[in-house]
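Number of protein chains: 2
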Amino acid sequence: MNFEIEKKEFLRGLNLIQSITGRKTTLPILTHVLLETGKGCLLLTGTDLEIGIREELTAKIHEEGKSSVSAKKLYEIVRELPDQTIQIQKKENHWITLRCGKSLFNMAGLDPEEFPSLPVFQDEHFCELPISLLSEMIEKTVFAAASEESRYHLNGVLFLQNKEGGKERLRMVATDGHRLSLIDREAQKVRGIEKGVIIPKKGVLEMKKVMVDKEGIGTVAIYFDATHGFMKIGKFLMIVRLIDGDFPEYQQVIPKENDKKITLNKDNFYRCLRRVSTMASERVEGVKFSIKSNGIEFSSYNQDFGDAREEMEVVYEGPSLDVGFNSRYLMEALNIIDSEEVLIEIKDEGSPGMMRPVPPADPPDQICIVMPMRI
Amino acid sequence: MNFEIEKKEFLRGLNLIQSITGRKTTLPILTHVLLETGKGCLLLTGTDLEIGIREELTAKIHEEGKSSVSAKKLYEIVRELPDQTIQIQKKENHWITLRCGKSLFNMAGLDPEEFPSLPVFQDEHFCELPISLLSEMIEKTVFAAASEESRYHLNGVLFLQNKEGGKERLRMVATDGHRLSLIDREAQKVRGIEKGVIIPKKGVLEMKKVMVDKEGIGTVAIYFDATHGFMKIGKFLMIVRLIDGDFPEYQQVIPKENDKKITLNKDNFYRCLRRVSTMASERVEGVKFSIKSNGIEFSSYNQDFGDAREEMEVVYEGPSLDVGFNSRYLMEALNIIDSEEVLIEIKDEGSPGMMRPVPPADPPDQICIVMPMRI
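Quick mapping for you: the protein sequence lines, in order, are chains A and B. With the first letter of the first sequence counted as 1, position 137 gets the number 179 in this note's numbering; the numbers rise by one all the way through. With the first letter of the second sequence counted as 1, position 66 gets the number 108 in this note's numbering; the numbers rise by one all the way through.
For the record, the hints were derived by calculation from the structure and aren't laboratory data. Check before you lean on any hint, since a few could be wrong.
Which copy is meant is left open, so a pair is good if it fits within one copy or across any two.
[As the list claims (entries may be wrong)] Straight line, CA to CA, 30 Å or less: simulated BS3-like cross-link-like pairs of lysine-lysine:
1. 114 to 308
2. 114 to 49
3. 308 to 49
4. 133 to 50
5. 144 to 49
6. 144 to 302
7. 144 to 334
8. 144 to 303
9. 144 to 389
10. 133 to 114
11. 308 to 144
12. 50 to 308
13. 231 to 205
14. 256 to 243
15. 334 to 133
16. 298 to 334
17. 114 to 81
No experiment lies behind these values; they were computed from the predicted model shown.
Based on the sequences and whatever the hints tell you, model everything.
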């Protein structure tokens, strides 16, 4: 193997790879990047067995071949090099030599044949979606996914085809058992998600990161089989192993009888929660809503520091009601509601509260649910 | 106690206080800020017993008095408030009530009489120095101070009056036993540092931070007694408890016979070290200098990843020499040398190396020393 590549091009590719390759792993080759020469290009592959990515870079190939070296170390070296051409040549015992300007590096490698191969994909199965659409759906759900190892089937985002209202829609749902976020968007069908797939949190976050990086390309090609999701943006490929488990019956959690409806200015509500939550206890983060006709009083109490309260005027004619919610969950949900106003729907102090954008779509295209708490 | 203060003014003062008040402390009042009304002003005081600070803020006083509440919590609350007037009133049991817009906070307090009093200072003892000068001297030494609890007399910066060359100079020196940084600057005498005082690292770093914050004021007033340093910038006061110990005989460490002199372009040298040090082992961070006539080869070796080398052309006619240094120490020293070129002075592979700005002053006004290492 012998090739030349520009520093900037190489760094761009290594930056994506090194972020997913394993750091602490018992299998050393998973900390490596596979360098493979292609036709007038260099292929970089990295995987932690959960996520695999492959990037095609422009390079001048003098001699074909492949090598496997530490992704993190190669990234650290290339980052420090001047903006010049880098020359890489394979030597004996899987070592490579890297030259750039007056610098020379010899890097220890492993047998590239030991590098795990990525799952095979079928080019004809890919469906195209706008990057902005997939990106938005991930952003508006992933924050609600669980991070606990014990509930691995909640550590991801459910992605499925949905036909409510007669239109083809894509749906994403995430929940950690305390709150839930759901979004529907009209789009063409995506192969393999008729019954729903659970994409792990780390996978959707990496997908989102790559889409931000490659936003200019505009579209992402995607499909799923029984075990993996496949995503292509331009010449970049990402493969994510799906979570094998049953997603909870989230539709049973969506409240149907929340008859107490209050519309609030989103920014004022958010800032009020930030102020009042300074006095919420760090463990439970609870804020109490005392809803009366034409006003809500938000309050919190902290055993060590004191208490806080603030009133907002609202249009509300129903019966008085006290209910508590986790303030952080509310604020994280408000963060992903784009409308100027937000609709809060509550039933009673023991039932989940629901928030939606204003005006609310019918059928709903975005729902945030937060479980109540005793305060 | 009853006063009104603008949110921005209050936040500015609390920001300085909350950065020094203790977080994990067995004495709860050390996590507090003391609020005291003065003549048309509010005094804020905070201390962790090592550092004490007092700030005077513009406020409208309706009723005199003092209170003590959690500095961190008060800062968190004020940060979230709208840009409006805040009204604070003392209630029973040392509680205070804070009102702003539609928000109301009740904060638990402690008896303000229990708040430790700051050491007393003598206004006539202060000497004025340019903020830029004191700031520069701290920046160019503090990085070399130790951070190990076991060597507490090295965990600070030596500050003393120096008369070398017949001129009145201020000197700062810091060392962790592996490297040393010294700077001299011409300035008027400062009271109390004839024999030298050791200011703890945390103290000089807080002094530096405040000086950056208040750079516009231009001058800082300062003096020392046997146990404390006193610093005033405008109406801001900081008192730092000095380290009670003997600073090492640093002058014996300054090499006198380093006859091998090499001048290098500072930026090229720095970037070369960054590249070569990517292959230095994480524990020892060593880079080898192989000095030959008209060239230095820098190299490093890592048991896991491989090796690196790079040559720089230099004007050098002496005997060949191999010597190793910690690359991070060299780079941190280069960071605080302002000249375009740097002079390296070496004796042999077992003696400390010295770096100075170019052209070097006589007597020297800045010296960085790095101990050699076997590589």
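To see whether the hints hold, each was checked on the structure:
With identical chains, the CA atoms of residue 114 and residue 308 are at most 30 Å apart between copies only, with a shortest distance of 28 Å across copies and 43 Å within one. When the C-alpha separation of residue 114 and residue 49 is checked against a cutoff of 30 Å, the pair qualifies only within one copy, where the shortest distance is 16 Å, while the shortest distance between copies is 46 Å. For the homomeric pair residue 308 and residue 49, the shortest alpha-carbon distance between copies (23 Å) is at most 30 Å, but the shortest distance inside one copy (46 Å) is not. In this assembly of identical chains, the alpha carbons of residue 133 and residue 50 lie at most 30 Å apart only when taken from the same copy (24 Å versus 63 Å across copies).
With identical chains, the CA atoms of residue 144 and residue 49 are at most 30 Å apart within one copy only, with a shortest distance of 14 Å there and 56 Å across copies. Proximity of residue 144 to residue 302 under the C-alpha cut-off of 30 Å is restricted to the inter-copy arrangement: shortest distance 24 Å between copies versus 72 Å within a copy. Proximity of residue 144 and residue 334 under a CA criterion of 30 Å is satisfied inter-copy only: 16 Å between copies versus 75 Å inside one chain copy. Taking CA atoms no more than 30 Å apart as the test, residue 144 paired with residue 303 passes between copies only; the shortest distance there is 23 Å, against 70 Å inside one copy.
For a Cα distance limit of 30 Å, the shortest separation of residue 144 from residue 389 across copies, 27 Å, qualifies, whereas the shortest one inside one copy, 71 Å, does not. Proximity of residue 133 to residue 114 under the C-alpha cut-off of 30 Å is restricted to the intra-copy arrangement: shortest distance 20 Å within a copy versus 59 Å between copies. Taking identical chains as interchangeable, the C-alpha atoms of residue 308 and residue 144 lie at most 30 Å apart only when they sit on different chains, with a minimum of 17 Å there against 58 Å within one chain. Taking the shortest alpha-carbon separations for residue 50 and residue 308, only the inter-copy value of 24 Å comes in at or below 30 Å, while the best intra-copy value is 43 Å.
Within a single copy, residue 231 and residue 205 get their C-alpha atoms as close as 10 Å, which meets the 30 Å cut-off; across copies the closest is 82 Å, which misses it. In the homo-oligomer, the alpha carbons of residue 256 and residue 243 lie at most 30 Å apart inside one protomer (20 Å), although the nearest pairing across protomers, at 45 Å, exceeds that limit. Proximity of residue 334 to residue 133 under the C-alpha cut-off of 30 Å is restricted to the inter-copy arrangement: shortest distance 29 Å between copies versus 77 Å within a copy. Proximity of residue 298 to residue 334 under the C-alpha cut-off of 30 Å is restricted to the intra-copy arrangement: shortest distance 22 Å within a copy versus 83 Å between copies.
Only within a single protomer do residue 114 and residue 81 lie at most 30 Å apart by alpha-carbon distance; the minimum there is 26 Å, versus 60 Å between protomers.
Hint compliance for this structure: every hint is met.
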